Structures are given as structure tokens and as C-alpha cells.
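Engineer: Residue-level listing of the chains:
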Amino acid sequence: MHMADALVSPAVGGAMLAVSAGLVAYSARKMRKDFDPSRIPLMGIMGAFVFAAQMINFAIPGTGSSGHIGGAVLLAALLGPYAAFLALTCVLVIQALFFADGGLLALGCNIFNMGFFGCFLAYPIFLKPMAGNFSNPVKVLLASILACIVSLQLGAFCVVLETLVSGVTQLPFGAFVALMQPIHLSIGVVEGALTGLAIVFVYRARPQIFLECNAQKSFSYRAVLGSLLIAALAIGGGLSLLASGDPDGLEWSMEKVAGTAELESSGAVHGAAADVQEKTSFLPDYSIPDSESAAGTSVAGIVGSLITLAAALAVGFALKPRTKRTRVCV
Amino acid sequence: MSASKTGKFGASLANLRSLESLATRDTPLHRISPTIKIAATFAYIVAVVSFGVYDFSGLLPFAAYPIIVASAGEIPYGLLFKRTLIALPFVAFAGTANIIFDRAPVELAFGLKITGGMLSFAVLILKTLLTVSAVLVLAATTPLNAIASGLKRFGLPCILVLQFVMTWRYLEVLIDEAERMFHAYVLRSPDGKFVKFKDWPMMAGQLFLRAYDRAERVYGAMQCRGFDARRIHTHNIRETGGEIFGLILFAAACAALRCFNLSAAVGGIFS
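Protein chains in written order, with our numbering: chain D, 1 to 330; chain R, 331 to 601.
The hints are simulated quantities; they were obtained by calculation from the structure and are not laboratory data. All of these numbers come straight from a predicted model, not from anything done at the bench. Worth double-checking, as some hints may not be accurate.
Said to hold, decoys possible - The calculated SDA-like cross-link candidates involving lysine to any residue, where the alpha carbons are at most 20 Å apart (straight line), are:
| id | chain 1 | residue 1 | chain 2 | residue 2 |
| --- | --- | --- | --- | --- |
| 1 | D | Lys33 | R | Cys488 |
| 2 | R | Lys412 | D | Tyr203 |
| 3 | D | Lys139 | D | Met55 |
| 4 | R | Lys528 | D | Leu197 |
| 5 | D | Lys30 | R | Gly485 |
| 6 | R | Lys528 | D | Pro129 |
| 7 | R | Lys528 | D | Leu179 |
| 8 | D | Lys33 | R | Ala559 |
| 9 | D | Lys30 | R | Ala559 |
| 10 | R | Lys412 | D | Met55 |
| 11 | D | Lys33 | R | Leu486 |
| 12 | D | Lys33 | D | Ala21 |
| 13 | R | Lys526 | D | Ala53 |
| 14 | D | Lys139 | D | Leu194 |
| 15 | R | Lys528 | D | Lys30 |
| 16 | R | Lys526 | D | Leu197 |
| 17 | D | Lys139 | D | Pro129 |
Bound conformation, chain D alone (with noise of 0.2 Å):
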């Protein structure tokens, strides 16, 4: 799910760094709140054991392609979320510099996309509420998996969105969907399996690393709400002005071939800008109706997000055992 720099545009690449540094300054200050050094060790070993897997690919049937782990979930489980997210940082950063995989102005995006989905969302409303304190096998293994899916599926689904807002790429929108959330569907199924087995393993060699874990004081909903929702304005507000407002690469580009092009036809003018319109808005149903300017785009990306935010927690408050006291207040 390593996006290169040759597929992001500065303004995009720009904007999901912008992103993604406010959530590691936020993870950073969380942490030093009660920061404890002798998990020092776990969390380096942790990342260094998640960017070993990183480099494991496994064969994904009938697709002819392969995929590898993630790891956010799983260092969600045994770091807790802050310091999860700034383990995985630090995994992405190693792989952009040495190994080429994901580049440096990309590094928000991929930091975003596999990160963030797995530490502030699918591990707060999937996988501790289900799994509770980790000591049920099957109940980890289920909740991991979904956990794993969820994140994955929303991460390649960003991985569209931000390559297609950059405009390199003349794949349509429906395909390249349909290409990736399948195959990160299947990624999803075996990277929960993996990780909820290895959850249940530590839990039975190492039990401490969960108590250490829990002690810790206990997940602030609120707080990920805020972060979450900051994040979803950013993106639903900041991509889909990008969206509109940024076309000059596309446009430019369909001018000069319309340009330099022999006109054979009007016909083929007309397709090129049909063309551009089709590109400029590849979500058209997000716009408000009766509003072409960037702003109405805006507006109606925010209010998507809101309501797929809404969504996503209805999901995980009727998945919440009701035994539970819940602390989250909207």
C-alpha cells in the first residue's frame, strides 16, 4: 500500500504531511503525559519486528499480486495507540530512505493511510471493545480481523482517493476501486489472523506487556474523537478543495494535447474536455447541487465525512458488549 512519490502531487503530498505531522505531535504529547522508559525496549523491538514482517510479501490467490502486512493493529494491541502510531512512523520513515518503498514527500500520505486507520480507529472501536483485556483466543482472533479489515479498506481506499486527486493517473475511479479494496480485502483476512494469533500468543508468553498495557490509564475517547474528526474535516474539507480547485496539471496537460494534436475533429475536442470535467469532479455526486465553485465541494466533502464518522461509530457502538459503561460523548 506504499505510495511512491511519483504519484502524489506536491499539493496533496503537502497536505497529508501537514496531516499526518499534527498526529504525531499529538501522539508525542499524549505519550510524554505518562511516559514510562521501560517500554522503551518493547516499542523498539516492536517496530523493528513490524518492519521485519513489512518485508515478508505473501502471494494473494487469484489475483497474480501480492500484498504484505501492515502491522498497525497489532502494535495498536501491545503499545497502546500513541505509541503505536509513532512506532509505524518510524517504520515508514526506515522504508522510504533505505529501501525505496513509499517516498519522502508520499510519507504523509502512507503515514496516514496505514497508520492512522489501524491506531485511532479500528483499535479505540473495534478491537479493545471487543476484545477486552485480551484474554479470550477467539474473541481476539475475530475482533483483530475485523479490526484489520476495516483499517486496510479504508487506508486503500485513501490510497485511491489521494491518487486520483493528484492526477497521474488515468485510471476511472469505479475500476481502481474495484481493483484495490478487494485485494486489500483478502490482505485484511490474513493480516487479522496473523495478528490476532499473535496477540494470543504474547498474551499467553508474555502476559505482563498486556498489564503494563492496560495500567496505563484508560483510553480517552474523547480524545480520539477530537482527532478523528479534526482529521476527517482536514480531509473531507482539504481533498476535496484540492479536488476541485487544483485541476491546472490535468487541464494544462488535455490543452496541450488537444494543442498539439491534429484536430481531426470537433468531436475529439469535445471528448477532451468532457474529459476534464469528468476528471476535475470524479465524485460528482459530492458536490452540493447548484454550486460549481470549490467551496460547495467543500462543504459537501465535509459533511460526508461527518456522516460516514457518524456511521462508523453507530457500527462500533452496536458491535460494544452493553455490559460496558460507555465514555464516549459526541
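For chain D, the structure is supplied; the task is to place chain R on it using the hints.
Structural biologist: For chain R alone, kept in the frame of chain D given last:
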């Protein structure tokens, strides 16, 4: 198949060390402050990816940067090129769609025509080669500790810098333990084959426990020698005036080449 897997794993580990051994050498390029090099790499990448999807000729002069830096920093071209290829598959996948969907003809010189999709595919591949090699020459001329110091100087949180260094160093611990286990396993299996599939989960679990326990011991040893997580030591970086001037010059050159098509100008002189 299993043998090829070990080969691949071993090769990845060898790669891991090869870049770092390059980075610890001493050339004028290695002595430049890491912050300056990181900023310059960033400026270069932004300039490269900001090119239009059909602007092949404008982009081409940017190839000079990795080539010049690789020779000045004594980085083998072969190593650089091989590493760059790793990034290509996904990009090629996204780019192939351009060939399929964008069939508007574009005229090249001498009446030669190709489709827009072929041109944008070539641009995408060139962008990948340039950006990836730019990052690799940065990694090959800057030791990890220097990059960590640079990140701290850029204002990244201390804990992130600590985690960055620890991940890299504990990777060595993990690799050591893995090598030891694999050796023990292979020596005890009568047919000398690589780890059987059914033994993989057990091996992975044991590897985690051994590496985790050793990481704790290493950390204990570090603390005995006065390591304090709240005061991690990184080199103090001071950029010289000359370096900052050089960075500004470099960024200006990138911007100029972005706006001015050098290939076309040179071609114009000769034709």
C-alpha cells in the same frame, strides 16, 4: 522455493547494511549538514512531482542531480539503479492505465506520433526513478544518527527521534537472533532444508520472545551506562552560512528548471 526465500531475506539484510556502510564514509558531500541535505532533497522532489503529466523533456534535466551526487558521493550506480527498481511495480500498475485509457495522439519530432497515455506513462516512470534515487542518495550520504539529529533539529518530538533510532538499532538485534535460530534449525534438520512451513509459527513466536528479552537486557545495559530517555543525545547541528546559501541556490535552480525547459532550449540551439 524456500531456498529463494532465504536468499531474498538474506539479500534484504545485506542491502540494509550496504547503504549504511556507504553513509559512514567521508566525502565533501557526507560532511554537509543533514538538515541541508534533507531540505534539498525535499525541494528536488517537490519540483519533480509538480511537472505536468506530459512534460517529459522538461523533466529530463533533473536526472543530473542523482547522477552528480552519486559520483561525488562515490555511490555505485548499479546499487542505486537496482534499489530504484523496487519502487516501480505499483507505479507501473497505475501508469499502465494511462496507456489504456488515454489514446489521444501526441506528435513528437519527425512526424512521429505516440498516444498521450504512452507519454504520461514514460513521465510517471521517469518521476519515480528521479524521486527514488534522490532519496537513496540522501540515505547513502547521511548516517542514520545524523538523520536523527536532523529530524530533531527540524523540531520533531524527542520521543519520535528516540523511536527512530531504537527501531533501526533493534533491527540488528532482531536479525542477530533470527540468524542464530535459523543456523541452529538448519544444523539440526537432517535434510539440511530451510525451515518447514509447519515450524514457521513456532519460529516466529520464539524469535519474538528471544528478541524481546534481549532488547530488555540491551536496554538495561544502556541504562547502566547512563542512558536517559528524557535526555537523548544527538549531535548539535549548526548549518554554516555557505550551506544555507547553497541550499537557496539549489532550490532556485530547481524552480528555474521547473519553469524553463532546458531540453527544448538546448535542442533549439542545435536545430
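Engineer: Are the hints correct? Go through all of them and say.
Structural biologist: Quick rundown of the hints versus the structure:
1. D:Lys33 <-> R:Cys488: 13 Å, holds
2. R:Lys412 <-> D:Tyr203: 41 Å, violated
3. D:Lys139 <-> D:Met55: Between D:Lys139 and D:Met55 the Cα gap is close to 28 Å, so the pair fails against 20 Å, i.e. violated.
4. R:Lys528 <-> D:Leu197: Measuring from Cα to Cα gives roughly 15 Å; hence the hint holds.
5. D:Lys30 <-> R:Gly485: Within the cut-off at roughly 17 Å; holds.
6. R:Lys528 <-> D:Pro129: Roughly 32 Å separates the two Cα atoms, so the pair is violated.
7. R:Lys528 <-> D:Leu179: Cα-Cα ~32 Å, so violated.
8. D:Lys33 <-> R:Ala559: Holds, at about 14 Å.
9. D:Lys30 <-> R:Ala559: 16 Å, holds
10. R:Lys412 <-> D:Met55: Holds, because 17 Å separates the two Cα atoms, which is no more than 20 Å.
11. D:Lys33 <-> R:Leu486: With Cα atoms ~17 Å apart, D:Lys33 and R:Leu486 stay inside 20 Å; holds.
12. D:Lys33 <-> D:Ala21: 19 Å, holds
13. R:Lys526 <-> D:Ala53: This hinted pair holds, its Cα atoms lying about 18 Å apart.
14. D:Lys139 <-> D:Leu194: Since the Cα atoms of D:Lys139 and D:Leu194 sit roughly 14 Å apart, the hinted pair holds (cutoff 20 Å).
15. R:Lys528 <-> D:Lys30: 41 Å, violated
16. R:Lys526 <-> D:Leu197: Given pair R:Lys526, D:Leu197 holds - Cα atoms ~19 Å apart, limit 20 Å.
17. D:Lys139 <-> D:Pro129: Distance ~10 Å between D:Lys139 and D:Pro129 Cα, so the pair holds.
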